[in-house]
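2 protein chains.
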Amino acid sequence: MTTSATPRERLLDAAGELFYRDGVNIGVDALCKAAGVSKKSMYQLFRSKDELIAESLASRGPSYQALLHPGPEDDRTARDRILAVFERQDQMVAEGNFLGCPYVSTAIELKNPEHPGSVVARHFKQQLTDFFHRELRKAGAEDPATLAIQLTIIFDGASARAVVRAQNLGGIGVVTAAALLDAAGVRSGELVG
Amino acid sequence: MTTSATPRERLLDAAGELFYRDGVNIGVDALCKAAGVSKKSMYQLFRSKDELIAESLASRGPSYQALLHPGPEDDRTARDRILAVFERQDQMVAEGNFLGCPYVSTAIELKNPEHPGSVVARHFKQQLTDFFHRELRKAGAEDPATLAIQLTIIFDGASARAVVRAQNLGGIGVVTAAALLDAAGVRSGELVG
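Keeping their order, the protein sequence lines are chains W and G. Letter 12 of the first sequence, counting from 1, is numbered 12 in the UniProt record's numbering, and no numbers are missing. Letter 133 of the second sequence, counting from 1, is numbered 133 in the UniProt record's numbering, and no numbers are missing.
Keep in mind that the hints are not guaranteed to be accurate.
As the list makes no split between identical chains, a pair holds if one copy fits it or if it spans any two.
[Stated by the list, open to error] Pairs of lysine-lysine residues, derived as DSBU-like cross-links and limited to a Cα-Cα distance of at most 30 Å, are as follows: (1) K33 with K111; (2) K111 with K138; (3) K138 with K39; (4) K49 with K111; (5) K39 with K111; (6) K49 with K33; (7) K138 with K49.
Everything labelled a hint here was simulated from the structure, so no lab data went into it.
Just chain W, with the same shape it has in the complex:
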């Protein structure tokens, strides 16, 4: 965070970091302190803490996705591009300080699907499923919609495992996703569409 960042940017950065690290129940005082912004300024910039939860989660979405999804320049097969997501998840866990998928954690902590933060979480989780769906269509999978959901389930289950066990995944997410792709006949040799 640079000191030239605006109060709004500093709040979004601090909120994104602290909500992930400490949970959405962290107090507004701690957030404002971390951001170096007064509470009065915070409420001028964001209508409520709930809005800050939603906006900070949304603001971190693109960089989180860039970490996980292979870009368009990655010309491997659809299968390999899908498995790359699980390989990156594995690395992310191995790097330490992994506290779960930020979208799933936020939804679990908020316990209210109508909360603006839960709406953001659902949106970004759907984008992962959409990524899988596009790749599976390219690979000619028979039922890409169902398989994309199943891959998302494996991704989120592997995240949960990393949190509950507090240990590395050791490739189990990659292997499980590969087993499902094998079973659906999505092989490496298939043409990229």
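Given chain W's structure and the hints, the job is docking chain G onto it.
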């Protein structure tokens, strides 16, 4: 909760319910009020709120497991006994008020694998994996240890999906578990050991 329950039982019941419904950050005052127990009594019965989190989670474990795991009297094949867990999860979500697997939610909210509540969460999550492992050995699966972990991942990923999307699973957990069992050659016809 009957009025003849002891203060300890009332606290464990109220804590189990409120920690699940509202999260582990709910205050001790609200817990004591729900249990009809003074704060002084609470701290005579439990050393700390952390201990109450752990003990209330542990006290609900057996009944939660009884809901999910088929009992020894259920003489279906190992494969069907495994899939029964996913069918029950599907039902549990469909019944409403599903806020995630209580163990995963607790671990995610506590964000500290050394917390006594996280230790309890890990213990019960392992028992689900152990159940799958026993059934897979009976079914003669080639690598029951890995497959048991993979089934646990599907279970937790399906739970996450139910929370994030706030909608029924519609059998997706069952279908995904079945696909993995098919791929591993664990079929219905196999003998129960």
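Right, here's what the structure says about each hint:
1. For a Cα distance limit of 30 Å, the shortest separation of K33 from K111 qualifies both inside one copy, at 26 Å, and across copies, at 21 Å.
2. In this homomeric assembly, K111 and K138 never come within 30 Å of each other (Cα to Cα): the closest approach is 36 Å inside a single copy and 39 Å across copies.
3. Taking CA atoms no more than 30 Å apart as the test, K138 paired with K39 passes in neither setting, with 50 Å inside one copy and 61 Å between copies.
4. Taking the shortest Cα distances, K49 and K111 sit within 30 Å of each other both inside one copy (16 Å) and across copies (21 Å).
5. In this assembly of identical chains, the alpha carbons of K39 and K111 lie at most 30 Å apart whether taken from the same copy (26 Å) or from different copies (26 Å).
6. For the homomeric pair K49 and K33, the shortest alpha-carbon distances inside one copy (14 Å) and between copies (27 Å) are both at most 30 Å.
7. Taking identical chains as interchangeable, the C-alpha atoms of K138 and K49 are never at most 30 Å apart, the minima being 42 Å within one chain and 52 Å between chains.
Of the numbered hints given earlier, the model fails hints 2, 3, 7; all others are met.
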